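Keeping their order, the protein sequence lines are chains A and B. Start counting the first sequence at 1; every next residue gets the next number (the numbering used here). Start counting the second sequence at 1001; every next residue gets the next number (the numbering used here).
Please note that a few of the clues may not be correct.
[As the list claims (entries may be wrong)] Each computed DSS-like pair below joins lysine-lysine, with the alpha-carbon atoms no more than 25 Å apart: (1) B/1003 to A/236; (2) B/1490 to A/236; (3) B/1454 to A/221; (4) A/236 to B/1723; (5) B/1508 to B/1723; (6) A/149 to B/1730; (7) B/1148 to B/1064; (8) B/1706 to A/236; (9) B/1677 to B/1688; (10) B/1572 to B/1730; (11) B/1730 to B/1490; (12) B/1490 to A/149; (13) B/1639 to B/1677; (14) B/1416 to A/205; (15) B/1044 to B/1730; (16) B/1416 to B/1396; (17) B/1730 to A/68; (18) B/1064 to B/1044; (19) A/236 to B/1639; (20) B/1669 to B/1634; (21) B/1438 to B/1572; (22) B/1356 to B/1454; (23) B/1148 to B/1130; (24) B/1634 to A/149; (25) B/1416 to A/149; (26) B/1044 to B/1492; (27) B/1492 to B/1706; (28) A/221 to B/1356; (29) B/1438 to B/1723; (30) A/68 to B/1723; (31) B/1356 to A/236.
[Claimed, not checked] Here are the simulated distance ranges between beta carbons: (32) B/1357 to A/64: 47 to 57 Å; (33) B/1467 to A/130: 53 to 63 Å; (34) B/1391 to A/64: 33 to 43 Å; (35) A/52 to B/1391: 24 to 34 Å; (36) A/52 to B/1342: 56 to 66 Å.
[To be verified] Some chain B residues near chain A, calculated using beta-carbon distances under 7 Å: (37) 1309; (38) 1359; (39) 1437; (40) 1727.
Honestly, the hints are just simulated from the structure, not real lab data. Remember, predicted model here, so these are calculated numbers, not experimental data. Glycine included, every Cβ here is placed at the ideal spot set by N, Cα and C.
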Amino acid sequence: MIKGKIPRRRLWFVPFLLPSMAGVLIFTFLPFADSVRRSFCAAVTGEFVGVNNYRTVFSNEAFRLAVKNTLLFTSVCIPLLIVLSFFIAYGLSRLRHIALIKSALLFPLAVPTAALVLIWQILFGDTGWINNILTSHGHEAVSFLGSSKALWVLVGSYIWKNLGYTVLLWLTGIMSVSTAVTDAARVDGANERQILFRIVLPELKPALYTITIISFLNSFKVFREAYLVAGAYPHKSIYLLQHLFNNWFVNMDLDKMAAAAVAVFSVIFAAIVLLQRAWDREET
Amino acid sequence: MKKMIKITAFISALVMAASAFSCSGRKPAAATALTSKGGYVEEKMQFAYGDLGNVSEFVNIGGKTGTIMPYTNELCYISKEGDRVFRDVLDGLDSENDDNIYNIYAASEHGFLVQKESGPFFIGSDGSTKQISGFPYFQTAEFTEDGKLFASSYDAIYEIDTENGSTAKIADIKDWISAFDIINGDLIYIDGDGAHCCDTAGGTAKELPEALESFLSGYKPRSSGTELLMDMCSGRDNDIYIGCPDGLYRYINGGNLVEQLMDGYISRFGDPSDTLVSITCGEDGTVFGAFFSGMYSYRFDPELETAITSELKVYSLEDSATVNKLISNFAADNRNIKVDHQVGMKDGMTYSDAMKELTTQILSGSAPDIMILDGLDTDNLAEKNMLEDLAACEDKWRPEGGLLTNITDWDSRSGKLYSAACRFRIPAVGAEESVLKKIDSYADLADICEENRKKHDPKYTLMDYFDMTDPIRIGLMYEGNELLGNGPDKEKLAEFFDTCERLYNNDKCLSDEKAIWYSSAGDENMTTDCIFTSRYTLGFYNDYILATGAVSSITDDINVLTSSDEADAPIKTAYRFGIGEDSRSFLPVCQLGIVQSCKNRDAALKFLAYAFDEDAQETGNYYDGFPVNEKALKWFYDKNMNVDNDFFMGISSSMDGEAADAYESLEVKCMDNDEVKTFDSYIRSLDKPVYINYADREIIETAGTKCIEGTVTAEQAAEDTVKQLELRMKE
């Protein structure tokens, strides 16, 4: 490490960074800092209340329900998405002409959420196509959107929307694995399974890290579909954290919202830091 | 570890910096004292006979300037002092002793163009009558000073030959006409294409001055109606006065702007519950306006303080004619206060979006000063110390004569008062006497409705509901407290939804074409629950009628109900307040609260005092609700001392399509002293407010609508509702 003054010529990059840094500071960091401040104050009067808001939030039944549902949702969706998308990507990597398929993979992302919701309602509504098929065959109608099955509809929606994009990310990672290494392994007598688990997968750890973070962040966006399908107070199986935040904002419970937001941020931040550390340890 | 410490330090620094930038602190009101004076003042002219109604345009006959009442053939003319209106019979109008005139299109010393049952007629100054053939009616008409007559039909403008009743087309029109006046020999009219001008001498088109044409073209006819939107008259100084919903304006010929003399918001011009008929300019420059409610004068007062010294922000969740009228009357009487009325759910905005917008405003330091709390969650607002304790400053807003505290203070919490209701309604039910005895709950109404549906021709509607949410909304008035009082009750909700479904599906005629609708919302701002009395009186002649809704007015509801007791009707009907026996329910309306962080507390308290003042409580729309001011109540009660306050009300006696125009007359008398005592004693005993906030009501209406449509059963709807409400309570 070089001690002493940093030579002026090494600071030339700073002016280029300033505009975006200012934007991030003003529109991200400062508002978040204000949320942290509000989490220790009353909603409207701004009076300092210490950790009361945190106590209220952690003892709130709706918050616990929302956290449980959100954790359940992410713990089901993310592994499912990662595993499914990987195997699809691995299979596609064996094909020769996949340029058209690559474009088609991004199609679900381009579908507007409102249009998607309309399709879910047509398919899964109480008088939707699936129920019409069921009743016409003598079975009872199933309330897909108004019962615990709503969670699986949401999982399906999430997987459908993000699968293509995640497959593309995997594909990029798989394509970047050096063919010289895999060819050498084949020459040495390694079978496909060994190549997959001993060479390809270890090489894909950076991609795995990126895909996990992105999938985790995208899992929060499923709130849009849930809200459009079932409103502010859906079936309790799909009552997520964002529903709670949305409703708290409507009810002016800004103190609880701020405290919950800080709590959720801390958990996510800790998870990312741990993940990063685990990655760094493996690297070294 | 070092990294964590650095990150924590960075966030703490940002938190401290954020406090410096936070914009939720109080800012003192900035009031700049100005010195502008002078403005137009509106004054209602004394008229001993109540409203003017649908009179003719201003006309000068025999040196008297006034308007003509079609039913009584009288000229209501302005006194010499210009502050009163007198009546004088026009013999020439009714020379045939024919009481058949129900509209006067145009009048002058040269004659009258009137509408009778058989069509339009011209009545000359000599009393001769000629029918204008080829037209069932006109939209409007006007005379020139030299006696030429021009009229507008649905497709064109015609000149009517007053000698022989023939017509000659002058110009085609697009859509309807929204203005039609003859100013200094020029016919100025507005149709779907904009403003036009026509020379009445030669019948040729003329060009309007650009400023005037541009202004008038902003008042093209509305697609929803055929009413005229404005009236014009010539002034005394080569100018034109224009009365329209945005106010009173003046254009000087040759000028390049149209000047606003008075804002519609603070005058009758902008009052949606009133209708402008005509304006005229007096010799001294005073402008007179004839409205359905009466005649008003507009004079310039050079000493009038018009400088805005303070601002008042008023917030209401939903648009309401009651609130609009209160605010515009307040603004008219306090010209130095600029009132900004913000409606949360405007332009199709949802409740959720409206609340988010309000929350954002509060966060940014732009909270309103006054909140109309109807539909809002007052528990939540009070809990957050959002509202001021009105009990602590009641000397500043409670009027001297006192208020009905059982109504105004219903929301008192441990001695603190966060909102005060300035009006109230009472739910009521009415039917044939023996049928009413069977009604003890909302479900009983549904049972009777089902029975009636089997007996009566499908073309007759029984409950007269407008929308699918009507049975739900009205039902909540009766049973809202039982359904939600101690938390949502699933069984009761299931029964409620079942009742609503049965009521709605048995009420409606199967075919919209054949249905006969019987009640009329005279004002588009009226909601279904305001039409109780109209439904009830139809029960005099139709035994299947079940009247539901709420009563709001002493004059138009209570006096009619008490008078109906003595009416000689073929069917003996009866009514009851509430749905069950001995109901003490009431619906608080227009609840006012002052926001803690309001910037203009003095103006807010002034607004509150104004809303509860005797004068404001005595006026208003008839569906606003009963007054809570003791003096105002007494003023209504004392109307029984003057028989001129009695009136006749027309009731359709047949719902059959062929005889649908048959009307019977009900003489409506003011309550006598005994009836006053009974009613007054009853309203003082009311102690069960029915108040359901918008969010809960929306959840119930959504589930109820699905049940009525048949998408879900009543039990499923109840289950969904309970789950949502419980989730909401857990938050």
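* To do: Please flag the earlier hints that this structure goes against, numbers listed from lowest up.
  => 1, 3, 5, 10, 14, 15, 19, 22, 24, 25, 26, 29, 32, 33, 36, 37, 39
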